[in-house]
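These are the residues of each chain, in order.
There are 2 protein chains.
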Amino acid sequence: MDIHGGNIYKFQREGKREILDYSSNINPLGVPKSLEEGIKNNISLLERYPDVHYVELRESIGEYNHISSDNIIVGNGATEVLFLYMKALLPKRALIISPTFAEYERALKNIDCEIGYFKLDENIQNEKRNFYLDVEKLKKEAINYQLIVLCNPNNPTGSFVKKEILEELNEFLETNNIKLFVDECFLEFVEGWEEKTLNTLKSKNIFILRALTKYFALPGIRLGYGITYDNKIIEKINSIKEPWTVNAFADLSGKIILKDKEYIGKTDNWIKNERVRFVEELKKVDYIEVYETYTNFVLLKIKNMKAEEFQKRLLEKNILVRNCSNFKFLSNNFVRIAIKDTEKNNIFLKSIKNL
Amino acid sequence: MDIHGGNIYKFQREGKREILDYSSNINPLGVPKSLEEGIKNNISLLERYPDVHYVELRESIGEYNHISSDNIIVGNGATEVLFLYMKALLPKRALIISPTFAEYERALKNIDCEIGYFKLDENIQNEKRNFYLDVEKLKKEAINYQLIVLCNPNNPTGSFVKKEILEELNEFLETNNIKLFVDECFLEFVEGWEEKTLNTLKSKNIFILRALTKYFALPGIRLGYGITYDNKIIEKINSIKEPWTVNAFADLSGKIILKDKEYIGKTDNWIKNERVRFVEELKKVDYIEVYETYTNFVLLKIKNMKAEEFQKRLLEKNILVRNCSNFKFLSNNFVRIAIKDTEKNNIFLKSIKNL
Chain Y
169 MDIHGGNIYK
179 FQREGKREIL
189 DYSSNINPLG
199 VPKSLEEGIK
209 NNISLLERYP
219 DVHYVELRES
229 IGEYNHISSD
239 NIIVGNGATE
249 VLFLYMKALL
259 PKRALIISPT
269 FAEYERALKN
279 IDCEIGYFKL
289 DENIQNEKRN
299 FYLDVEKLKK
309 EAINYQLIVL
319 CNPNNPTGSF
329 VKKEILEELN
339 EFLETNNIKL
349 FVDECFLEFV
359 EGWEEKTLNT
369 LKSKNIFILR
379 ALTKYFALPG
389 IRLGYGITYD
399 NKIIEKINSI
409 KEPWTVNAFA
419 DLSGKIILKD
429 KEYIGKTDNW
439 IKNERVRFVE
449 ELKKVDYIEV
459 YETYTNFVLL
469 KIKNMKAEEF
479 QKRLLEKNIL
489 VRNCSNFKFL
499 SNNFVRIAIK
509 DTEKNNIFLK
519 SIKNL
Chain X
169 MDIHGGNIYK
179 FQREGKREIL
189 DYSSNINPLG
199 VPKSLEEGIK
209 NNISLLERYP
219 DVHYVELRES
229 IGEYNHISSD
239 NIIVGNGATE
249 VLFLYMKALL
259 PKRALIISPT
269 FAEYERALKN
279 IDCEIGYFKL
289 DENIQNEKRN
299 FYLDVEKLKK
309 EAINYQLIVL
319 CNPNNPTGSF
329 VKKEILEELN
339 EFLETNNIKL
349 FVDECFLEFV
359 EGWEEKTLNT
369 LKSKNIFILR
379 ALTKYFALPG
389 IRLGYGITYD
399 NKIIEKINSI
409 KEPWTVNAFA
419 DLSGKIILKD
429 KEYIGKTDNW
439 IKNERVRFVE
449 ELKKVDYIEV
459 YETYTNFVLL
469 KIKNMKAEEF
479 QKRLLEKNIL
489 VRNCSNFKFL
499 SNNFVRIAIK
509 DTEKNNIFLK
519 SIKNL
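Those sequence lines, one after another, are chains Y and X. Under the working numbering, read the first sequence as residues 169 to 523, first letter to last. Under the working numbering, read the second sequence as residues 169 to 523, first letter to last.
Take the hints with a grain of salt, since some may be wrong.
Note that identical chains are pooled: a pair holds if it fits in a single copy or bridges any two copies.
Said to hold, decoys possible - Lysine to aspartate or glutamate pairs mimicking EDC-like chemistry, simulated, CA-CA at most 16 Å apart:
1. Lys451 x Glu476
2. Lys518 x Asp454
3. Lys308 x Glu290
4. Lys305 x Glu205
5. Lys409 x Glu273
6. Lys330 x Glu186
7. Lys440 x Asp509
8. Lys469 x Glu205
9. Lys518 x Glu363
10. Lys469 x Glu339
11. Lys452 x Glu403
12. Lys370 x Glu335
13. Lys409 x Glu271
14. Lys260 x Glu442
15. Lys255 x Asp280
16. Lys208 x Glu484
17. Lys452 x Glu332
18. Lys255 x Glu448
19. Lys427 x Glu335
20. Lys434 x Glu460
21. Lys307 x Glu282
22. Lys330 x Asp280
23. Lys409 x Asp436
24. Lys260 x Glu231
25. Lys330 x Asp302
26. Lys404 x Asp238
27. Lys260 x Glu362
Treat the hints as calculated values from the structure; they're not laboratory data.
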């Protein structure tokens, strides 16, 4: 399981106690106060099984997304929903747009699916460096597959493909009987995301993955959900799903935090300002190449040393970054870092300047 | 999912608010205070992914059971562990000792396993009525299967098969290359359970299922575990397991409550005394037949009406019981009720006397 970032426990067990964890992309505002209060006042929820149908939870998620709760599947983190979708769809051949999050590959291998990898092109557009999706090229490859998997915004590159482009792509895919799976777990960090989510297309061909992990700083609570207009997939998922996988507090959290306008406002404000500032500061560091980001992390290419070495040296300063060498199509010079609050980001900046 | 008990949400949605839930078998002492404090003081745990290897949690469970943490698999409730074991073992033919909990069947159907059902014999031994296991008969049937599934104590009958009997059975099964899966989720309600658990046999042929759901009154937290001395099964499960399925508070709970001697002492004291008293009182009700129980629930046969009618009439008095008509080999006259505290049990007794 060391394919993942966030392996801070390993470092802690090895005796390093005070680590600034830049490998994990979590909202630095922390757990919403509304949820903290909610949990403290509802400990006795643990004495019951959660509602096996999660009716109220799905209604709350539906309201947040301006859609019906019938289009929502909840799960134990985005991970469970991802695995369930793959088990329900059972594609024989799937194409993963890469480099990207490793868990899609695991979920597809789990159902013995043959996997292809579509390479994002690294280049510079409008003076911004990133990995761009060549849609025309993708269409040509896509016809050999039954499912296309896209992470948007993409982890670890931070790149984002616009709705208009994906709408056209989806029309092509639907015509050719190819499904589109889009992981939008980092979407809420994109300005104006409510207009940019693919759920506004209401296409039966698309399955959207979301989580409360990143935006609401709750990786520990394990609550993810899927959105789809394909009733058959929902029925199939419900038939294979294990009961009660979302625990009582995860259930509660979804009913509370999605309505927490104050937290949402503060978060939007933080990411909007700090992202620009932090990226500009990072660009001033001469030995790194900074990639454009639409979300709450930044991909960096280290020009004069390997990612492993960079990670090691920063760890000596008690900062943990994500070495991206094991991402497909990324060389051993890439690391991914979180965007945190100004104070921590300044510590990070100072540390890499003195490396 | 209405095959399960605990469908109190359905009744609540239908407008009945104050229901005494005798369909759910939860320790009436409620959430341990130690955990309540632990959660309130550790809300920020939610800001991190849990340790994907759950090292400390498994160590705590190991200590509680006097075994090595290497023999432990943790999961999102007993359900996940059950499903994982079946997916890892992939038996072609399995025999479920019945009537019993419906989830084994679901987990086996999920892997397209052919299922047989071994019927427990209803009779009276030592003046006590229950469903008894005829081991010699079981051995004869068992040889046609690769896996035997036993719930012990058994849900919903409350019966319990002694370790000596199962030790001998397991030797026979092992010789014939047949695995034994034993669900001990209700074991801690059996007096002297530490001597009676099959984990003391340290047999590679056995997989034991446990949960914190019942004894520690935490169905909402979703924490279960498996115990096995078969390293290959552990490796296989780890290879197919989704990451982080145990959430931060479930992880925390396992580290706190298993050490809570006060709660454990109180619980043992309650069940020991109240079980005897409640069962004796139930026996005085002339229109029900009471089955011997080793755990925290009681199976009842309603002599003069169907379970459905009995359930309906009690619901009018705001008490919910588990109609057991859909358990294999049980007629439509059976209900299962929880053992709660003296006060609630007296309300229950009064209600059924006046039915």
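Right, here's what the structure says about each hint:
no.	hint	in the structure
1	Lys451 x Glu476	neither (21 Å within a copy, 71 Å between copies)
2	Lys518 x Asp454	within (13 Å within a copy, 81 Å between copies)
3	Lys308 x Glu290	neither (19 Å within a copy, 66 Å between copies)
4	Lys305 x Glu205	neither (51 Å within a copy, 57 Å between copies)
5	Lys409 x Glu273	between (20 Å within a copy, 14 Å between copies)
6	Lys330 x Glu186	neither (39 Å within a copy, 50 Å between copies)
7	Lys440 x Asp509	within (12 Å within a copy, 55 Å between copies)
8	Lys469 x Glu205	neither (42 Å within a copy, 45 Å between copies)
9	Lys518 x Glu363	neither (37 Å within a copy, 59 Å between copies)
10	Lys469 x Glu339	neither (35 Å within a copy, 60 Å between copies)
11	Lys452 x Glu403	neither (52 Å within a copy, 47 Å between copies)
12	Lys370 x Glu335	within (10 Å within a copy, 58 Å between copies)
13	Lys409 x Glu271	between (19 Å within a copy, 12 Å between copies)
14	Lys260 x Glu442	neither (43 Å within a copy, 57 Å between copies)
15	Lys255 x Asp280	both (10 Å within a copy, 14 Å between copies)
16	Lys208 x Glu484	neither (38 Å within a copy, 33 Å between copies)
17	Lys452 x Glu332	neither (33 Å within a copy, 73 Å between copies)
18	Lys255 x Glu448	neither (43 Å within a copy, 50 Å between copies)
19	Lys427 x Glu335	neither (29 Å within a copy, 55 Å between copies)
20	Lys434 x Glu460	neither (23 Å within a copy, 59 Å between copies)
21	Lys307 x Glu282	neither (18 Å within a copy, 43 Å between copies)
22	Lys330 x Asp280	neither (31 Å within a copy, 42 Å between copies)
23	Lys409 x Asp436	neither (34 Å within a copy, 35 Å between copies)
24	Lys260 x Glu231	neither (35 Å within a copy, 45 Å between copies)
25	Lys330 x Asp302	within (12 Å within a copy, 66 Å between copies)
26	Lys404 x Asp238	within (14 Å within a copy, 36 Å between copies)
27	Lys260 x Glu362	neither (33 Å within a copy, 48 Å between copies)
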